[in-house]
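Residue numbers (my numbering), protein chains in the order written: chain A, 1 to 239; chain B, 1001 to 1240; chain C, 2001 to 2288; chain D, 3001 to 3326.
There may be inaccurate statements among the hints.
[What the hints assert, rightly or not] Derived Cβ-Cβ restraints for the label pairs, each shown as a range:
#, chain 1, residue 1, chain 2, residue 2, range
1, A, R129, B, T1185, 38 to 44 angstroms
2, A, P108, B, Q1086, 43 to 49 angstroms
3, D, L3018, B, N1159, 54 to 60 angstroms
[Claimed, not checked] No more than 27 angstroms apart at the CA atoms, straight line, and that leaves these computed lysine-lysine pairs for DSSO-like:
#, chain 1, residue 1, chain 2, residue 2
4, B, K1234, A, K199
5, A, K199, A, K185
6, A, K93, A, K133
7, A, K93, C, K2035
I should point out that these hints are in silico values taken from the structure, not numbers from a laboratory. Note that the coordinates shown come from a computational prediction; the quantities given were computed from them, not determined experimentally. Note that CB positions come from ideal geometry on N, CA and C, so glycine has one too.
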Amino acid sequence: MANDALALSEIDAFYGDSHVLHDVSLRLGDGRLLGLLGRNGAGKSSSMHVAVGLLPPRRGAVTVYGRQVTGRAPEAIAALGVALVPQGRRVFKSLTVRENLAVAGRRPRGGLPMLWTLETVATLFPRLRERGKQIAGSLSGGEQQMLAIGRALMSNPRVLLMDEPSEGLAPQIVAEVMSTIRRLKAEGLSIVLVEQNAKLVADVADDIVILNSGRVVVEGSAADLRRRGIDLRQHLGIY
Amino acid sequence: MRNLDKSFGGLCVTAAVSLSVEPGERRLIIGPNGAGKTTLFNLITGELSPDRGAITLFDRDITRVPSHRRFHLGIARTYQIITLFQGETLLRNVTLSLLGLSRLRWNPFVRLGRQEGLLARAHETLARVALDHLAERPLAQTSYGERRRVEIAMALAQNPRILLLDEPFAGLSIEERRDVRRLVTGIPRDVTIVMIEHDMDVALDFAERITVLHFGEVVVEGTRAEVVAHPRTKEIYLGE
Amino acid sequence: MDMSLTLVLAVNSLTLGGLLFLLSAGFSLIFGLMKIPNLTHGSFFMLGGYVAASLIGWGVDFWSAALLSGLLVAAFGGIVERLILRRLAGAELAQVLVTLGLSFMVADVCLTVWTGDPIRIDTPSALRGATSVLGVAFPAYRLAISVIAVLFAAALWALLDQTRLGAMIRAGVDDPAMARVVGIRVSRLFTLVFCLGAWLAGFAGVIGGPILSVYPGLDQEMLPLALVVVILGGSGSLLGSLVGSFIVGFLYNFGQALFPELAYVVLFLPMLVVLVLRPQGLFGRQAG
Amino acid sequence: MKRVVVAAALASLATAPLWVGGTYYVNIASQILIAAIFALGINVLVGYAGLVTLGHAGLFGIAAYAGARLMNHGHGHVVVAAGALAVTLVGAAVFAALALRGEGLGFVMITVALGQIVWGVAYRWISITNGDNGISVSGRPSPLGLSLASPANFYWATFVVFLAAVASMAIFVASPFGASVRGTRDQPRRMNALGYHVWMIRFLAFLFSGFWSGVAGLLYIYYNQFVGPQVVALTASAEALLMVISGGAATLLGPIAGAMLVVIVKNVASAYIERWNFVLGAIFVAIVVFMPEGLVPGTVRRWRGAMAALRPRAAPAAPAPGGGGR
């Protein structure tokens, strides 16, 4: 649909011979936050890789604001305003903090004012300003996470994909990250939040999709799921 | 008899992990991505060397034993990413595994194709994983699920005392999962098994004890019920 | 050995070291950043010298010829990279073979065009004479080459370490997939790096002309020296290239004077020592 | 079918001096056999062990130089052969120990450097190698009283050695050790996990490869009765590698076909084309870009493809190769 910020339709994707996504469809409404849940290996990261062009799907389509981007290069999709905070952060380890941010800098589309610059990102994460000249590989996990988020913001995206931003972080840092996500949402960004942690998502998500073994098993608005009494943990838990 | 006891520290991925596994035990290791599970396996097999700490195998200190020798001492492993010989037949894959522990591997004169004893054992091993009917098929022409079973067959062929399984169910369909599960359950008790797995439905049944790794540390260890009930497990997995 | 001979050898060593730096910095960049073992690098050097010799013959002045010749070599390098090497991305063996095959072809074309006789490029007139340093007279041009090398080292360092472009290149090396997701056109940057490396080699071939001359076989003579520098200094490290180049420059000249028969072997000794003690090179990063 | 072809090929090779017509062609046939032995040796490393070497002309040259020096010292041919091969094996061991410090491209670079060291010695260490002037020897050996002075006799002697090389390759490939070597090429990590000593396997493969390179170098000095530095130049290593790659690495026939191609292009074509090096380089590039698996496997594949297309019902397409991963 045209007012979807990002849509994956009927995606089948493979890593080598391993069939990781089976007929997966996801829709992220403009200005909404989609929580994407599932266990390890459920296909969450693969979906994100399909969205940014790192994993070309064997079947199905990807659209960004109604525009077909299936099979296009990652840098072309980035130019349309899609940014990824990848799983495991993947900051450029040999670059300084400032350089990590600078290389991702990009003007917003359509001549909109620059919302995110080195300055504003540093205001959002004061720690990054302090560490500006430090090599990113030497940062703590939490700082690397902030850097990964900051790097994604530097491209002034319309769609932000966050792949397990809470992974491996201490609880108070997770709380910080979550409050940042709320803020970004309030500023109108369309966000996909990928998580194994159901509780984190349930608090902020407008819509929720649960993947299991590469298939969509639950899907609906957060309120709707709550009303239907669906226990997210049942699909995620280790019981 | 202590089976496997390792402690090490100072690595960025795994900080001071101590783990001991009893002979014949079925141990499951779980933890989020990046928790250091595969690193742990690599340390046990010597594919990585620890900065500190010691690894003992049946009361023998193997910390200084070169990696390839350790597999002669009864360790066998599978890989999370299938690491097989693509161009060779299933039979040849398993034969290579048997050959690895045989003195014959240095022999440049005899014909490998005429080593009846070796080939018979390779067929036997393939039969154990119900793939003997595909023995002559090149690996590249088999399904992903079949390859997972070949991975396990390769390890079984080494006649291990300790089998390290790294995500044996990853990327499998439900039916394939059932096959692999049956296979793993059927491994005799004199083989100790340590398994990394995310698929709890399959893995929990199998495990007697579970170790939860998080950020290179053992957070929880105990029986299935203990681990599931433990608050830290819930925190890591459910954010509660 | 008397004092003045030592000084002369030292200056010659600095000169050769400077030339080797220009040559090997490009090789090291291409090898370290793009993982391409560019065995045409010696050919770039030789080609630069030949093209400039012709340009100068047509009346172009030395420095313009050096810049222009470098650009032509860079363009040639860019074509090779985009048309051939790009198709072989990740296939190291294929890249080794293709660049080697190309080096045969270039050598043969050069032989056809410029014949088998050595061509001497005249020293630029401004630098003809000698300069006196500490009361000893040195050929000005040889000193100039060392200075140029150090200036280029500084400029390359500034480009790679201090600019956004340099940071983007390094990001592309750190994690190419993620760099693309961030919006960096990694493939275009790599072409640029390849051209830059080719330019450096071509330029080095020109300014080396007044000292070494240009002749068939120069390519096969220079390439191993670049390899030694990179193995010694560590691939992808500018500092490694700089230090390695001067080590090789000194060993070559002093080896030649002290053990004329074994000069070439002496050259390789430190490389062997480094391989045994520190396989990643003096300034290389640990692999993996 | 295959046996008939091989038997026919062997018969025509064995009788070559009788039908190729003229001393010139018999000599070229000898050159092809020497090159083929060399290529078979390199193929052990490049093809079966997956280790690309660009320094093997160094080993070839060590054998040639050692043989020449020993002959000029007046030693008998048994001493010459044994001595030269022993020296080559020591050289190969040193090469291997150093080159195996590097992985992948590092290995290639080190072999280039090692080859250049030998070149430097050949070119500059005049008291040992006579530098640019090279070393001449007089007379070919007469094993068991058979003179090899005539081109045809030399050809047949070389042919016998060639058969021995081919046989040793065939035995090696089918042996458990051959399987070990190929295993270290495809999955070194898995091989380690299966209990194989990967380094030692590669080291031994290097020695085996060096041995046949040495045999080829020795035959070369017998044939040519002169050795100079150009024998150990990087170009020579590259040419030899080209034989292996163009014919098809990791096959038995490939290096032989490649040797034939390169020697013929070099000798025959250079009579018609002035610049054969360009042609050689162009073949190199074309093969890598268009037929990366080499001429023999490439032709076989195309032939099979054509045959399969002719058959009415082809077998179902195999799934794409490539390791699964996540």
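Problem - Hint consistency between K1234 (chain B) and K199 (chain A) [alpha-carbon to alpha-carbon, up to 27 angstroms] - result: holds, 11 angstroms
Problem - N1159 (chain B) and L3018 (chain D) - C-beta distance against the hinted 54 to 60 angstroms - result: Holds, at about 58 angstroms.
Problem - 38 to 44 angstroms as the expected CB spacing between T1185 (chain B) and R129 (chain A), which holds or is violated - result: Since R129 (chain A) and T1185 (chain B) have Cβ atoms about 56 angstroms apart, the given range 38 to 44 angstroms is violated.
Problem - Given hint K2035 (chain C) paired with K93 (chain A) - CA-CA distance at most 27 angstroms - result: Satisfied, since the Cα-Cα distance of roughly 18 angstroms is no more than 27 angstroms.
Handout entry: Restraint status (C-alpha distance of K93 (chain A) to K133 (chain A) at most 27 angstroms)
Key = holds, 13 angstroms
Handout entry: Assessment of proposed distance window 43 to 49 angstroms (beta carbons of P108 (chain A), Q1086 (chain B))
Key = Since the Cβ atoms of P108 (chain A) and Q1086 (chain B) sit about 46 angstroms apart, the hinted range of 43 to 49 angstroms holds.
Handout entry: Pair hint outcome, K199 (chain A) versus K185 (chain A) [Cα-Cα no greater than 27 angstroms]
Key = Distance of about 18 angstroms is within 27 angstroms: holds.
When each numbered hint is compared with the structure, a violation occurs for hint 1 only.
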